[in-house]
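Participant: Listed below, chain by chain, are the residues.
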Amino acid sequence: MSLEPLLGQPFGSCYEVNQDGILYPAERDPIGEWHAAKPEDDHRSNKEIFDRKDASAQGLSHDDIARLKKQGVAGDELVQKLCENSATFSDKTAFAQEKYVKKKMLKHLTRVRARQPSARAICEAYFYKQPATTNWMRYDALGLLLLHANLGANAQPLVVEACGGLVAAAAAERVGAEGASGRVCAGHAGPHCNSLDIIKLMNLSTAARECVVTAPLTALLDARARWKRGEDVDVSAAAEETAIAAAREAALETKRAKMAAEGDQTEKKERAEGWRPKRTAAASPSVIAHLARPSEGFTSLILASPALEPLDALRECLPLCAPSAPFAAWCPFSQPLADALHALRRERLAVNLALTEPWLRRHQVLPGRTHPTMTTGAGAGGFVLTGNWIPPEENAKTDAAGGDAAAAGTETGAETEAEAGAGHARAREDRESGEEARELSGDGAEPNKKAKK
Amino acid sequence: MAPGDVVLLEMNGEKWAFVNLKRGQCVPARSPRRHVFSGNRESGARRVAAAAAKREAFPLVARVSFDDDATFHAPLSHSTDARLFSTRFVAPHASCQPNAEPRASASTAR
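Chains A and B, in that order, give the protein sequences.
Our numbering puts the first sequence at residues 1 to 453.
Our numbering puts the second sequence at residues 1 to 110.
Since the hints were derived computationally from the structure, they do not count as laboratory data.
Certain hints may be false.
Claimed, not checked - Simulated restraints, written as ranges between beta carbons of each label pair:
1. B:51 with A:275: 47 to 57 Å
2. B:24 with A:226: 32 to 42 Å
3. B:27 with A:256: 51 to 61 Å
4. A:258 with B:18: 31 to 41 Å
5. B:14 with A:56: 22 to 32 Å
Backbone N, C-alpha and C define an ideal beta-carbon position, used for all residues, glycine too.
Sequences and hints are given; from them, build the entire structure.
Facilitator: Below you can see the structure in the form of structure tokens.
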């Protein structure tokens, strides 16, 4: 079918495909929409209707239907004819009739909707079509990650993912607003970056596309260590960049000379209409030096790489973040994240810690007929660990301040920032886990009583 | 939509294709959706019995967790449908509440 009718139309347009494969504009309602707004007072019953194995209930044979299609009968007309020729249609209840029509519409009518490839739409499409590409990342889990990582304009998140670029693309969609100075760093554990092909599907603006850079985590950690040792990383990065540029120029010169010697016969290719660059750039040494600067730090961390052990990855990556930066780690399994939560709490590396499991189930919502879809299949959404990172040196300061206060015998309770954060986290955890957690433990408000004592 | 845009084509709410739009472009039109359940009760029972026999003949020793969860069929999509989102707190459990354990903060340093 020709896609010419799509050009110049807004995203979200709906089309019907006729027998010749031509797109015709159609109403926006999806195919097989339920039309009955209210349940009718219907005294008919389906209990007398039985399956007829020889399909004798339908007056039209396959050949008749094929002939009608060949004659160019539209899908809705064909469904109408099927209903008229069905021996049992009139005996069915109104609901059953509606169901029958919907099923036949789905079979004989093709509707096409041109959707904008937003992060949610892409995630949904991949989840149902090709989930291995995005590592079974479900769209509500993706939303949770973006929410807890506090992504917005001017943010500078570190994204370590193995979901085909879905998380990095979703982050770029939020961070890369026109005129914003945010930057998404897609960190990778190995020497080469994981596939980020989904970024190319997103129709990102130039600003949003250019705000994504890839960088090896080892380079970031190395640069951070050198900054901490007091080395001037900027100078060495500038020197490195000059050397890279010189090498590139030399290679280009050699290529030009070779082409001139051979007599260049190749014609320069013309770009197709609407061509736009879609490549994701690797971070230059100076950008890496800038990102790893201790005074800079990433504003948040998103970890969505099941191949990496969450605890080890968090231990390595969190020091690259700014103090109190939120982080969100996604994993298809709960145990690695539970271990990470326990370790982070024990080592006092984070506050506000929570491990959540997103849950999704499709429902039919109609007056008097609202219920979960019987054949629902949402798959597994994985688990999300969230929290705020606290640098160890802040803990040391807190302890020292607490010790001094105790020595002075003051009971003023002047809490440090970190402690206030911890208190806030406890309040939040109490509130959110709330009654469910208390019911599980069966000890009611026991923890609070203990605290009062 | 303009040439160069990527479009997510959704057919009958359940088939997806990413298309990089160009002028004069054609894509294969897919056939409309088949019946959700094409058969009667007898054929359904036959399929179930055949699957059971196959499982007995080729028992699965170890299953990958994702393969086990073979529920990724394409859903029907209607505007009257709703997806209910929810989150379940797995941790911290009540027994792990910060108030339940000794407070590891400045106040305990006394």
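Participant: Output the numbers, in ascending order, of every earlier hint that fails for this structure.
Facilitator: Numbers 2, 3, in rising order.
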